[in-house]
Amino acid sequence: MDDPRRRVLIQALSAGLFSLAGGASAQSIFGTAPRKLPAGQSIFRFSGRVLVNNQEATLATPIKRGDTVETAPNGEVVFVVAEDAFILRGASRVTVEAPPASSGLQTLLRLTTGKLLSVFGKGRPTRIVTATSTIGIRGTGVYAETDPEQTYFCTCYGVADVTANNDASSRETVVATHHDRPLYILAKGKTGANIRRAPFINHTDQELMLIESLVGRTPPFVFPLEDYSAPRRDYQ
Amino acid sequence: MRRAGIINNRPSFPSGALPIAAALAGLLAGMSGFVRAADLFSPPLIRVEASYTADSNVNRASADEALRDYALGLRASASSAIAVSTRTRAIVQGFAGTERFHTYTGLSRNFIGVQGDYQYRASGEFGAPTWGAFVRTQADSYESTLRDGYRHSFGVNVLKPLTDRIQLFGALSRNITDGKSAVFDTRNVSLRGNADWSLSRWDVVYLGAEYRRGDIVSTAPLTPGRADIADAVTTVPDDAFNNPALFAYRFKASTWITTIGYNRAFSGGQSLDFSWRWIHSTPTDLRGLATASENTYTANQLSLAYLVRF
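In order, the protein sequence lines correspond to chains A and B.
The opening residue of the first sequence carries number 1 in the numbering used here; numbering runs sequentially from there.
The opening residue of the second sequence carries number 1001 in the numbering used here; numbering runs sequentially from there.
Treat the hints as calculated values from the structure; they're not laboratory data.
No experiment lies behind these values; they were computed from the predicted model shown.
There may be inaccurate statements among the hints.
[To be verified] Below, a sample of chain B positions facing chain A; criterion: calculated Cβ distance under 8 angstroms:
hint: 1; residue: ALA1081
hint: 2; residue: ILE1082
hint: 3; residue: VAL1084
hint: 4; residue: THR1086
hint: 5; residue: ARG1087
hint: 6; residue: LYS1160
hint: 7; residue: THR1163
hint: 8; residue: ASP1164
hint: 9; residue: SER1254
[Claimed, not checked] If you want the ones that stay clear, here's a sample from chain B, every Cβ over 10 angstroms from chain A, calculated:
hint: 10; residue: ALA1122
hint: 11; residue: GLY1124
hint: 12; residue: VAL1135
hint: 13; residue: SER1141
[Said to hold, decoys possible] Residues from chain A that face chain B, not an exhaustive set, calculated with beta carbons under 10 angstroms:
hint: 14; residue: ARG35
hint: 15; residue: LEU37
hint: 16; residue: GLN41
hint: 17; residue: ARG45
hint: 18; residue: ARG89
hint: 19; residue: TYR184
hint: 20; residue: PHE200
hint: 21; residue: ILE201
hint: 22; residue: GLU212
hint: 23; residue: VAL222
hint: 24; residue: PRO224
Beta carbons are placed, not taken as given, at the ideal position from N, Cα and C, and that holds for glycine.
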């Protein structure tokens, strides 16, 4: 007698369900060696809850200019848009806008809230607008964290023109080779003093190498700042 | 009787350690100025680690003779990378610390040392391995005078990111200790591998395996078999254990060391680290009346550490 459970199992196996799920699961648990994403794939990995244009994201969800990506507090997504690659951390929202050709911009990013690590291809300039700052960059790697009070901004490498949104006299151009001058851009500081030095926080060179790989590039540095965080004490 | 955590005597380093300490202090003090002057050094990275370790066999003896104890440790290090070329760099690290045992206080020690690494990496590609050679030397000042001395290590290593979640590390090294007592003059060769597995941005599980071949030191009652296997025996009881029946003896052995650990990172460069290390050592050169059983030891070490880097 044909067991219906057996029939369902055979159907599932023939559909490749288990191998697919197992493969995806192993990929998620043990990770993947990053390489340039094939055309049509935007998301390298994600965890937690991630929305693209208010729809739950999957690995197959395309992300293109004009889209908005959001993460829940426990979420994170690593994705690519054209020649640019990003890590959007938890509790964040970014819109990758398509600026008009007349603007001369390649990409316009609006980081409404949260934390974003980005690398950009060489070409026309990109502009990042955060809650407290507007930053013009070209062919570089940057990290930003923003909330209504302040923005943390690190030019990991490349050139960035940083301006405070509420104070045009607070302006600074950063030329960096390796996280040389992280900044805080304040919303309500003294006129002319809304940009301050900041420490290097919350992003790593390994992450920069990872997202550069997804667009077929390597960062300009060879050695990461830090190699590990776990102790390696010798047995004595 | 001295108790844990009470350091009632000034740190005393072997005579040769003071120049090392002075050189280290000068190096660290002058480092930041050197950075600005030459722009060759990366900013110094400072790490501090406070740890608690429970050890099931501090005398490294057979199971029925094992003595257990726990120790509190504090270690600080400062390191800086020096760009040699686009693809090579040197890393200089100075470190110092203390380890305080609760019961067998003769095992408590202060230490200070330096390490130099020379590394090569072909590119900034994510998966490119980093090849390195290193040399390390440190001075140990125990409350057991027999153990006072120096520890040297040199070797080669490689670090390789395998995936975005797994990183591998391997090292081959030669380890040498030079103690006040000849029993603590040891030589061994070590081959080890580690895998870091990132469960998330904040959570890392790490696994390690190491094989060592060479000299080890046990402290146990002296028997004819132990006298036969020993390459050296202390002429007086081991002063770390306050027991006139226990003597330290050195012999050749192979040792397996496995480690499993979990590291939980927090913001601000802080992390908590829990690890379990299992050590199993067996003699390789049985002689005379020596038996494997009385010269084999197993130890388990559980460690909890708080780490912070600046």
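Taking each numbered hint in turn, which are not upheld by the structure, reported in ascending numerical order? Failing hints, ascending: 2, 3, 6, 9, 10, 11, 15, 16, 19.
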